[in-house]
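Going down the list, the protein sequences come from chains A and R.
Under the working numbering, the final residue of the first sequence carries the number 379; numbering is consecutive throughout.
Under the working numbering, the final residue of the second sequence carries the number 558; numbering is consecutive throughout.
It is worth saying that the hints were derived from the structure and are not from the lab.
Bear in mind the structure is a predicted one, so any value in this text is a computation, not a measurement.
Please note that the accuracy of each hint is not assured.
Under the rule of at most 27 Å between Cα atoms (straight-line distance), these lysine-lysine pairs were calculated in the DSSO-like manner [to be verified]:
id	chain 1	residue 1	chain 2	residue 2
1	R	Lys418	A	Lys96
2	A	Lys214	A	Lys186
3	R	Lys457	A	Lys51
4	R	Lys435	R	Lys416
5	R	Lys416	R	Lys457
6	R	Lys435	R	Lys418
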Amino acid sequence: MRAPALLLFLALALPAQAEERFLIERIDVVHLVHASADVIRAESRLREGEKYDESELRDANNRIKRLPFVLDAAFRLERGSVRDAYVLVIAVNETKPFFYLFDSVFYHRKRLVEIDTEDALLLGGRWFAGRRDVFHLAAIAHHPVRPFETDYSSLQAGYTRYGLLGDRAFATLTVDRVLGDTNEVKLLPGAVAGISLAPKRTLTLSYSTYDFGKFLRRAGRIFEARFAHNTTNHPFFPSEGTLLSIAPVVARTDTEAPNHVMSHALDAGIDMHAAEYWPLTQRTTLAAVGDGGVLRIVTHGDTTGARVAGYGSAMLRLSRALHDPNDSEFQNRVELSLRAASRRRDLSPLRRDTSMQLNAAWVHRNAWGLVRLGLGYAW
Amino acid sequence: MVSALLALLLAAAPPDRPALTVAGDRVLVALPPSILKQKEVRARLDSALTTTFIVKTKDSNARIEIRYDLWDEVYRVKRVDAEGRVAQQQIANAAQLEAWWRTPVEIARLAGDRAALDLELVVLPFSAADESDARQWLSKSGGTRDPSIDSKSVIDALIGTTLSARPIVSYRWSLEARR
Chain A
1 MRAPALLLFL ALALPAQAEE RFLIERIDVV HLVHASADVI RAESRLREGE
51 KYDESELRDA NNRIKRLPFV LDAAFRLERG SVRDAYVLVI AVNETKPFFY
101 LFDSVFYHRK RLVEIDTEDA LLLGGRWFAG RRDVFHLAAI AHHPVRPFET
151 DYSSLQAGYT RYGLLGDRAF ATLTVDRVLG DTNEVKLLPG AVAGISLAPK
201 RTLTLSYSTY DFGKFLRRAG RIFEARFAHN TTNHPFFPSE GTLLSIAPVV
251 ARTDTEAPNH VMSHALDAGI DMHAAEYWPL TQRTTLAAVG DGGVLRIVTH
301 GDTTGARVAG YGSAMLRLSR ALHDPNDSEF QNRVELSLRA ASRRRDLSPL
351 RRDTSMQLNA AWVHRNAWGL VRLGLGYAW
Chain R
380 MVSALLALLL AAAPPDRPAL TVAGDRVLVA LPPSILKQKE VRARLDSALT
430 TTFIVKTKDS NARIEIRYDL WDEVYRVKRV DAEGRVAQQQ IANAAQLEAW
480 WRTPVEIARL AGDRAALDLE LVVLPFSAAD ESDARQWLSK SGGTRDPSID
530 SKSVIDALIG TTLSARPIVS YRWSLEARR
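Just chain A, same shape as in the assembly (with noise of 0.2 Å):
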């Protein structure tokens, strides 16, 4: 290509507003309620009676939006005092002072009605000390479906870092108190850092505790790392895309048998999650999700050996959302799930190790949290 025709290609591929830089002589924050306008305004890196490109506006907007404190932030010009003069509006959405996680199925099973294995209950709130740091204090029903955990209720305090490794990063340690049958042992560490990779790609390292029970003690200590590649197009109803994720764990477990000798088992594997959405229309959704694992656990004590060991689900759901899909303010969706679980856990003597399951659901997400209630058959 002749570099006159070159120079003209390049002029028109260029976008129509690259070179408009608009002069900002103020700044105004609005719709602010606990946060300080000045963090708002630092944290845009924006200074008035400076010009800025879209580029420049674009990136400070993702800088706010990444605060913890902010749940949206957008932007918006005036005119200014003098042509060509512009006020900078940002508008801010602060992020609740309260959360919370309300996620119960309940199934119908032969003389029983039983929850679903996957529940999950937390009530929260939270307390932002500064730009990036944030306390919370939670009440958590620990529901989980591993083999090396098992289920407890738990008072938990924790700090949040974030803006970590130039804002890739976030870091969080956490205090629990075993709540009902608690033993001597009073507070029990926890830790997650979660750090963006790539755009696409994250790695999220926690470590976790628990150790309850004062006639039959059960104790345990895990560690994992989870390396995830997410193409999905949104945080909490993609409704196309693909996630993938694969952790390394390691698991101590200490159990009490009825006749009090301690049984202690190693666990280390590998533990994977895969998910792929199709959207069928605007509101239609369907997913094929996967969970599984493969570990060998190694024990000593009451019996002593070493085995290997297998979990997983696989999942197909239907989701529709009840109204318009982009409203920011809140979601509601009906769910329709059939899942094949086969689950190999020490203690859970209401459930079976094997289930199919067929529930429907109904969700329910605002900006405080999130409900989702159902009803199904599991045979």
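Guided by the hints, dock chain R onto chain A, whose structure is given.
Chain R in isolation, oriented as in the chain A frame:
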């Protein structure tokens, strides 16, 4: 002024379906004006910053950019079709903007007599220099959240409720192009 112009557009209703036409082997799409009446789109257009519309099919993309100039009181618009042809102009008012919006834009090539097209319209704030820029915006919108969507720890709830419920607006249609 922008508010007044946009107030002329009627209250939001679900957007109509785009219309496909075929000229030779070129498939053209005319986007419905009701897109411009959607709440999120109105808010973006009202910002006096660029609003970018990415029209996507499986194999090609077109792009439309609209910005209202507060001082000159005109819309500055740009259209890049699937072949990369660029057209940009100024538009005096909302009525002319709606007429310009209806103008079909080339989105694909037709190999046979008919073809099924899955069309997606993604609305982005700010200008998008190219498709990779738009993709980057989409992928970054999730922040640093633990991506295990089905995990239900307190950390997920803590971080999950610090994210915007819906970072972008998008629409999707299944259409058929016929000669």
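Here is what the structure says about each hint:
For the hint linking lysine 418 of chain R to lysine 96 of chain A, the alpha-carbon distance of about 23 Å falls within 27 Å, and the restraint holds. For the suggested pair lysine 214 of chain A and lysine 186 of chain A, the alpha carbons sit about 12 Å apart, so the restraint of at most 27 Å is met. The suggested pairing of lysine 457 of chain R with lysine 51 of chain A holds, with an alpha-carbon distance near 23 Å, which does not exceed 27 Å. About 20 Å separates the Cα atoms of lysine 435 of chain R and lysine 416 of chain R, which keeps this hinted pair within 27 Å; it holds.
Note on lysine 416 of chain R and lysine 457 of chain R: the hinted pairing holds, with a Cα-Cα distance of about 19 Å set against a maximum of 27 Å. Taking the CA atoms of lysine 435 of chain R and lysine 418 of chain R, the gap is about 21 Å. The hint holds against a cut of 27 Å.
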